[in-house]
Structures are given as C-alpha cells and as structure tokens.
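Participant: If you want the building blocks of each chain, they are given just below.
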Amino acid sequence: GDSVTQMEGPVTLSEEAFLTINCTYTATGYPSLFWYVQYPGEGLQLLLKATKADDKGSNKGFEATYRKETTSFHLEKGSVQVSDSAVYFCALSQYGNNRLAFGKGNQVVVIP
Amino acid sequence: GAGVSQTPSNKVTEKGKYVELRCDPISGHTALYWYRQSLGQGPEFLIYFQGTGAADDSGLPNDRFFAVRPEGSVSTLKIQRTERGDSAVYLCASSPRVSDEQFFGPGTRLTVL
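Quick mapping for you: the protein sequence lines, in order, are chains A and B.
Residue 102 in the numbering used here sits at position 102 of the first sequence, and the numbers go up by one each step.
With positions in the second sequence counted from 1, the corresponding number in the numbering used here is that position plus 1000.
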C-alpha cells in the first residue's frame, strides 16, 4: 500500500539556521503530497502541498518540490525562527480518494 | 469562524468498556474523516464520510470500531470492548468536499487502563 517515510529522530537547530526534513514516498500512480504542521497545543494544519511532479509548494518561508524521479518531497526553510518549533508530518493522498497517509513526523526544536 | 471541535478532550476508561467520541465538523463541510494517532506515530486513517454515508471504512481495525454520521454533520466514533491497544489520540477532520483541504480538530486522547 501507499506509505510515507520521514527521516528518523528530532531535529534541533539554532535560530536562522537552514532546515531540511527528508520525506520519501511509495505509491502507485501520481499522488498528491502534503506537509502538515502541529504547533504545541494545537491541531494539525496544512503547511503546503503539491499535486503533480515538479510542482513546488510554498508557505511561510517553507518550500517542498515534488520529485517523481526520486519519489521525494523534502521540506526546506532557509532561516528558521523559534516560532517554527513544531512537529512536521509528510503525507500523501491518491486522486479520487482523499484519505491521507502520514509519515511518523519530525519534532523540530529551534533554539534562540 | 468555529473550527472542528471534538469532545471529550480526554477520556479514561477501563478495559472492556464502551466509549463514544464526538466530532463537530465545520458548518457546511460535507466530508468528515477519522484518524488515530498512536504515540510517536503519524495519524492513521480510519474512516471517512461523504454526507451521511461512510464512503471508505477500510481503515477501521476490527469490528469493535464503528462510526456514524446520521444527519450529515456531527459524527460519533464508537468503540466496543475497549482494549489497552486502543489508547491513542483520535483525530477528526472535515473538508468542504472530498477533494478539498482537510481541517483537523484538536483530538480526543483515549486512555484504556
């Protein structure tokens, strides 16, 4: 079945550092890809998405590009802030079936 | 406007008991989803509704789990004969239509002792 794999372990970095969180997927066809974020004490929120190969999703300074050749959708931000501390989930869904398949998530801690 | 709400926020029960978890979607959203998130894992799909009918219930783990949405708005997830392995955060989401962005509620944390 469809699945999403995220890099292991929490990510701790200093303010203004560059952030990358790796995400790869296994799926038939051409799924849509998403990054969701969960801030402390809040519900899951959609951060960005891409619906076809080579699309770039972007929001709040975060970017991710849908790479079909490497089945990847890595999340990047050039200069993180303390307010970016959260758990980030990569997810996919298939066309015509809106059920989301999530990765395990990555805790990101940004230190002032 | 009001987002997705879930009640209770926390539920502690004993093994073998019956529990009901409630989800109030955003007004006017026709699609409603249930997910389960175990500790250290991402959410796992359970079931989704389009209107009153369950369009896909393939994620329900076994026949102890059941969900309803009788009037196409509020949904209830029902778990019979709870087991310790059912302990998790149960998330509800809604979207205007099936193909649209899903908006998540804060979740219900279920603990089975």
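A hint or two may mislead.
[Unchecked claim] Part of the chain B face toward chain A, derived, beta carbon under 7 Å: (1) Gly-1016; (2) Ser-1038; (3) Gly-1042; (4) Pro-1043; (5) Pro-1061; (6) Asp-1063; (7) Phe-1065; (8) Phe-1066; (9) Val-1068.
Hint data in this document are derived by calculation from the structure and do not stem from the laboratory.
Predicted model only: the values in this text are computed from it and were never measured.
Note that beta-carbon positions come from the ideal geometry of N, C-alpha and C, so glycine has one too.
Participant: Against each hint, give a clear statement of whether it holds in the structure.
Facilitator: Outcome of the hint check:
1. A cut of 7 Å between beta carbons decides the hint on Gly-1016 (chain B): the least distance to chain A is about 30 Å, and the hint is violated.
2. Here the hint on Ser-1038 (chain B) is broken, as its CB sits about 10 Å from the closest CB of chain A, past 7 Å.
3. For Gly-1042 (chain B), the suggested interface contact is upheld, since its CB lies about 3 Å from the closest CB of chain A, less than 7 Å.
4. For Pro-1043 (chain B), the shortest C-beta to C-beta distance to chain A is roughly 5 Å, which falls under 7 Å, so the interface hint holds.
5. Annotation: interface hint on Pro-1061 (chain B) violated; nearest CB of chain A at approximately 15 Å, more than 7 Å.
6. A hinted interface residue such as Asp-1063 (chain B) counts as satisfied when its beta carbon comes closer than 7 Å to some beta carbon of chain A; here the least separation is about 20 Å, so the hint is violated.
7. The restraint placing Phe-1065 (chain B) at the interface with chain A is violated, with a minimum CB-CB distance near 15 Å, outside the 7 Å limit.
8. Evaluation of the Phe-1066 (chain B) hint against chain A yields a violated restraint, the C-beta minimum of about 18 Å exceeding 7 Å.
9. The restraint placing Val-1068 (chain B) at the interface with chain A is violated, with a minimum CB-CB distance near 18 Å, outside the 7 Å limit.
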